Each structure stands twice: as C-alpha cells, then as structure tokens.
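2 protein chains.
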Amino acid sequence: MPLLFKKIKDLRNFLKSKKCEGKEIGFVPTMGYLHEGHRALIRLARMQNDIVVVSIFVNPTQFGEGEDYERYPRDLERDLAVCEEEGVDIVFAPDVKEMYPKGYRTKVCVGELGNVLEGAFRPGHFNGVATVVVKLFNIVQPDRAYFGEKDYQQLKIIEEVVEDLNIPVEIVPVPIVREKDGLAYSSRNVYLSPEERESALAIYKSFLLAQKMIKAGERDANRIKEAIRKFIEKHPHVKGIDYVEITDENLKPKETVEKGDRILVAVRVGNARLIDNWKVEV
Amino acid sequence: MPLLFKKIKDLRNFLKSKKCEGKEIGFVPTMGYLHEGHRALIRLARMQNDIVVVSIFVNPTQFGEGEDYERYPRDLERDLAVCEEEGVDIVFAPDVKEMYPKGYRTKVCVGELGNVLEGAFRPGHFNGVATVVVKLFNIVQPDRAYFGEKDYQQLKIIEEVVEDLNIPVEIVPVPIVREKDGLAYSSRNVYLSPEERESALAIYKSFLLAQKMIKAGERDANRIKEAIRKFIEKHPHVKGIDYVEITDENLKPKETVEKGDRILVAVRVGNARLIDNWKVEV
Numbered sequence: 001m002p003l004l005f006k007k008i009k010d011l012r013n014f015l016k017s018k019k020c021e022g023k024e025i026g027f028v029p030t031m032g033y034l035h036e037g038h039r040a041l042i043r044l045a046r047m048q049n050d051i052v053v054v055s056i057f058v059n060p061t062q063f064g065e066g067e068d069y070e071r072y073p074r075d076l077e078r079d080l081a082v083c084e085e086e087g088v089d090i091v092f093a094p095d096v097k098e099m100y101p102k103g104y105r106t107k108v109c110v111g112e113l114g115n116v117l118e119g120a121f122r123p124g125h126f127n128g129v130a131t132v133v134v135k136l137f138n139i140v141q142p143d144r145a146y147f148g149e150k151d152y153q154q155l156k157i158i159e160e161v162v163e164d165l166n167i168p169v170e171i172v173p174v175p176i177v178r179e180k181d182g183l184a185y186s187s188r189n190v191y192l193s194p195e196e197r198e199s200a201l202a203i204y205k206s207f208l209l210a211q212k213m214i215k216a217g218e219r220d221a222n223r224i225k226e227a228i229r230k231f232i233e234k235h236p237h238v239k240g241i242d243y244v245e246i247t248d249e250n251l252k253p254k255e256t257v258e259k260g261d262r263i264l265v266a267v268r269v270g271n272a273r274l275i276d277n278w279k280v281e282v
Numbered sequence: 001m002p003l004l005f006k007k008i009k010d011l012r013n014f015l016k017s018k019k020c021e022g023k024e025i026g027f028v029p030t031m032g033y034l035h036e037g038h039r040a041l042i043r044l045a046r047m048q049n050d051i052v053v054v055s056i057f058v059n060p061t062q063f064g065e066g067e068d069y070e071r072y073p074r075d076l077e078r079d080l081a082v083c084e085e086e087g088v089d090i091v092f093a094p095d096v097k098e099m100y101p102k103g104y105r106t107k108v109c110v111g112e113l114g115n116v117l118e119g120a121f122r123p124g125h126f127n128g129v130a131t132v133v134v135k136l137f138n139i140v141q142p143d144r145a146y147f148g149e150k151d152y153q154q155l156k157i158i159e160e161v162v163e164d165l166n167i168p169v170e171i172v173p174v175p176i177v178r179e180k181d182g183l184a185y186s187s188r189n190v191y192l193s194p195e196e197r198e199s200a201l202a203i204y205k206s207f208l209l210a211q212k213m214i215k216a217g218e219r220d221a222n223r224i225k226e227a228i229r230k231f232i233e234k235h236p237h238v239k240g241i242d243y244v245e246i247t248d249e250n251l252k253p254k255e256t257v258e259k260g261d262r263i264l265v266a267v268r269v270g271n272a273r274l275i276d277n278w279k280v281e282v
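Quick mapping for you: the protein sequence lines, in order, are chains A and B. Numbering-wise (this note's numbering), the first sequence opens with residue 1 and increments by one. Numbering-wise (this note's numbering), the second sequence opens with residue 1 and increments by one.
FYI, nobody ran anything at the bench for these hints, they're computed from the structure. There's no promise every hint is true.
Estimated spans, in silico, between C-beta atoms of each pair [unchecked claim]:
id, chain 1, residue 1, chain 2, residue 2, range
1, B, E249, A, K16, 39 to 45 angstroms
2, B, E281, A, M1, 54 to 60 angstroms
3, B, E249, A, E98, 22 to 28 angstroms
4, A, E98, B, D68, 41 to 47 angstroms
5, A, Q48, B, D50, 29 to 35 angstroms
6, B, P173, A, K259, 22 to 28 angstroms
7, A, E170, B, E163, 24 to 30 angstroms
8, A, I241, B, K97, 37 to 43 angstroms
9, B, K102, A, E70, 35 to 41 angstroms
10, B, R229, A, L3, 57 to 63 angstroms
11, B, K102, A, I241, 28 to 34 angstroms
12, A, K259, B, N115, 46 to 52 angstroms
13, B, N250, A, E233, 52 to 58 angstroms
14, A, N271, B, N13, 47 to 53 angstroms
Given the structure is predicted, the values throughout are model-derived calculations rather than measurements. The beta carbon of each residue, even a glycine, is placed where N, CA and C say it ideally should be.
Model the full structure from these sequences, guided by the hints.
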C-alpha cells in the first residue's frame, strides 16, 4: 500500500529525508478517479524515478461557476488501490483547507495562452491550474512531473509557467491513452450514458477523418476544421461544439496544416464537456 | 572576492553541489547600490547560514511607467566591494534578458495587500516584486531569505506569497537601519540634494512626534495621522504626501493605536519618492 499523506508538513518531512539520501522524485498531480491515462503517467514516473508521488486533489480554484466541481467523481479508496497496483510510493491527498487555509489570495497568473481555446470558455481556469500546480511543486519539490497530452493546453501552459518562474522541475509529457474504440480516457467519461458515449466517439472519428483528408493532400486548416465540425455535429446527444482549432505545437493557430500540428476540440455531449486533441501526421 | 554569476544555469550548478554537501543557503535579494540597510541583511544572513548569496538585479517589471527604472542608481563594482567586505560568498547579477528571456508572461499576482498603500500609487508594482522574488527563490532555492522592514508592505506581501504558494523558504525580517540623523537608508537617497535631504528628515521627525503623542496617551489614529501630515507638509521641498497610514502589523488600518502597530508614509521630496515606517511603542 502506498503511504497516504493528508498534511503538507508530514509529506515534506518524509520527503526531506529521502531527498537527502539522493533519491529522485517523480510526481504525478491528479484530481483522482484514476484511469488508464493516469496509469500511463504513473508507469513512466515509476520507470524514471526512485520515488513516485501521486497527488489527488480536486482543485476548486480551477472550476468556474456552474461547472462540475461538486459532482466531479471522487473515490479515494479505489484510487489508492490503483496506486498500489502501479507501485506508487506516496499518495498526497490534502483537503481544501490544507491547500487554501485562508482562501485564494496569491495566484499564478498565466500569459495569453491562458485566454484561448479552453481559457476562452473557462475564464480563470488556467490561473487556478497554474496556482495549484506551483503549490504542489513547492510542496513535493519533484525532479520530474508528468502531464498527459490529453490536456494539451494545460501541458503547454505548465511548461511555460515552469520556464517563466524558473521552477527547478522537468516536465514530462505523456501521450493520450484511448479506449479500444478511440474515446480518450477521462474521469468525466462517467457522466456519459451508453448512448451519449456512442456519440462522443464522433470526436475520435473526426480526427481519423481529418487525418485521412490530410493524408490525401488537404492542407487548408479551415476546410479540415469545417469537416470536423460537420462530422461531430450530426451525431445525436452532441449539445454543441465549443471549439475546433488547428495550431502548431505551441498552440499558435495555423492556416496551412503541417506534420506535428495539433487539432484541438471541446465538445458538449449530454451532461459532459469533453476535450480531446490529435497530433497531425502527414 | 565573492564569486560573480551572471547566468542562472551556472549559479544553479554551483549551488547544487553545495546543497548536496548539506550547506544552508541564506539569500539577500537586492536591486544593488548597496547601503547600510543591505549590510544589515547580509550580516544576519552571514550569521545564520553556511553560504550567503546576494542578488543584484534592478527588476524592470516592478517599475511603472514614468517611474525611475532608467535612472535608478547602479554600481556593480562598488556593490561587489561591499559584498566582499561583508563576507558574501556569491553575487548573482543577471541581466534583464537572462531573467525575462521572452518578456513577462507568467506573473505572480498578489492578493488585496498589493492594492493598498504603495500598491494604490504603484499599480502592478507588487506583482512585479512577487514575480521576480519567486523566480529568484526558484533559482537560488535558499533556506532563508532576508527582507528589510524599510519596505514593510513588500515584506508582508512576500510572507503571504511564500505561505500561499507553499514556497519552502524562511523569510527573515530585518529592522530598518537609519543614518545618524534618522533618515532611513535607501538607494534612492542619492536623488536628494543637501537641502532636500534636510526636508526629508521631516519623515523621521514626524515619527518621533507621533511616538511622543502616543506616549502622552493619544490613541486616535486620525489625530496622529493628521499631526504627521501637518508636520511633514510644512517642510520646504516636500512636493506631496502620497499617504500616511496607521495599521496593525498585518497592514490592516487601525482607528485606535496600539503597541506593535505600524505608521507608514510615502512622501515626495524633490525628485525622490521616499517611503518609511515606524513600529509604535507605548
């Protein structure tokens, strides 16, 4: 069983002695309800470090009003079992008061990247993410931290924050893990009924469609985005598309598509808001 | 002579080996043009740590438009001599490009404390301060960092930032150092002509006046503030008073003055804008 810490002080004291022994620490920050995507992060961390720390904290400051903070799925017992299976050494699961004892005063405010795509639909979201991640980095002081490409914009923003604030940690990106039918693993998939889940597959299928267009020689981003939109929209239970964008690897919008570009989408299906992305091959 | 580093990477590599030897690092962040106030910080750091690091960096992001960034006094050679006299091990003097290679994207945004007093007159100032201090903390990773009470609001904000972001550093406050006649040491005192300097003494004298009123039983903050204002205003070369405030030790305004409260003032004298503060005794 991994060691479970709920207090910052206890975790710090424990890690301090390990650091002094020269152990390298790999850190996987999560909001819990762990799935195969998280397992991929943990497995890489396990391979690259002496000690693996997983945090489980549903961070209120990255949820906007009317978002799903309250109903976000939580199951610490199950998460601990997953962590045990994956050989995690330490689980850090603080409560909100431990992380924000006096509310939310000092923030990490991210640059322009925080206002586009997800940021345009979730104002303040990435400031909340960046703040809690910086806090967690300061608490754990890991050598490496693992972030999934599923939240591609989050990954790029965290990379920027780490660079801009000179945080001494290596950010390791991990590719998206998909179910057999192509749906990207997400804790929010539990919101989907079987019928809605079927419609949600349209996202992955639209990536395959786009990829096929690109393979066939299409390079016009607008035409590809339009095809993706049309394809997704025609599925039942799709309530709306927040965005379909094609950018370079640094989230700069593209007009002409190249290898390594990213297709990013956010789609509302049933009661779930799903995000996904795809790395363009040519 | 202290070791001089201009590059983050070189400093980090050097400090890493020292950290591994278990050495404790004391850090004094400055904007250079070192005076007796800085020497007091350095001396305490020297007493409490194995290695003393002084940074010298005139941080552009904490200056507003029309402020004195360009003319702020700089003299690295003299500063290095001062550091040598005080037994400093390492001076870190990066240029602006080293600290902000891509401009100013990610910021540390401080809470309400950043909008009052100095913050009301220097919008964004404390975000700039907090950002550079967090960067420097991440670069140096000190065990202790030393801040003068001369910039009392800055000290309280840095304490808050460190607490809110869980930064693993101990903030050590150091009392104000004054010249024989009572003027608080400040790099900006060089802006004063001899006549203006004479007028600037009104600040210290007004504290003595206030202290005398308090000793005599006066407890009404408004009456004390009014007396301070009137006293300072009557001096020649005083261009204006930005604020006179009496707060508790956490910068909360007070109506009834008690032991440990702070009187804080900002006064424009000649071409200089001077800040100073006083801890109330009863």
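Each hint, compared with the structure:
no.: 1; hint: E249(B) <-> K16(A): 39 to 45 angstroms; verdict: 30 angstroms, violated
no.: 2; hint: E281(B) <-> M1(A): 54 to 60 angstroms; verdict: 56 angstroms, holds
no.: 3; hint: E249(B) <-> E98(A): 22 to 28 angstroms; verdict: 25 angstroms, holds
no.: 4; hint: E98(A) <-> D68(B): 41 to 47 angstroms; verdict: 42 angstroms, holds
no.: 5; hint: Q48(A) <-> D50(B): 29 to 35 angstroms; verdict: 31 angstroms, holds
no.: 6; hint: P173(B) <-> K259(A): 22 to 28 angstroms; verdict: 55 angstroms, violated
no.: 7; hint: E170(A) <-> E163(B): 24 to 30 angstroms; verdict: 26 angstroms, holds
no.: 8; hint: I241(A) <-> K97(B): 37 to 43 angstroms; verdict: 42 angstroms, holds
no.: 9; hint: K102(B) <-> E70(A): 35 to 41 angstroms; verdict: 38 angstroms, holds
no.: 10; hint: R229(B) <-> L3(A): 57 to 63 angstroms; verdict: 59 angstroms, holds
no.: 11; hint: K102(B) <-> I241(A): 28 to 34 angstroms; verdict: 32 angstroms, holds
no.: 12; hint: K259(A) <-> N115(B): 46 to 52 angstroms; verdict: 48 angstroms, holds
no.: 13; hint: N250(B) <-> E233(A): 52 to 58 angstroms; verdict: 55 angstroms, holds
no.: 14; hint: N271(A) <-> N13(B): 47 to 53 angstroms; verdict: 52 angstroms, holds
Violated hints, listed in ascending order, are 1 and 6; each of the other numbered hints is respected by the structure.
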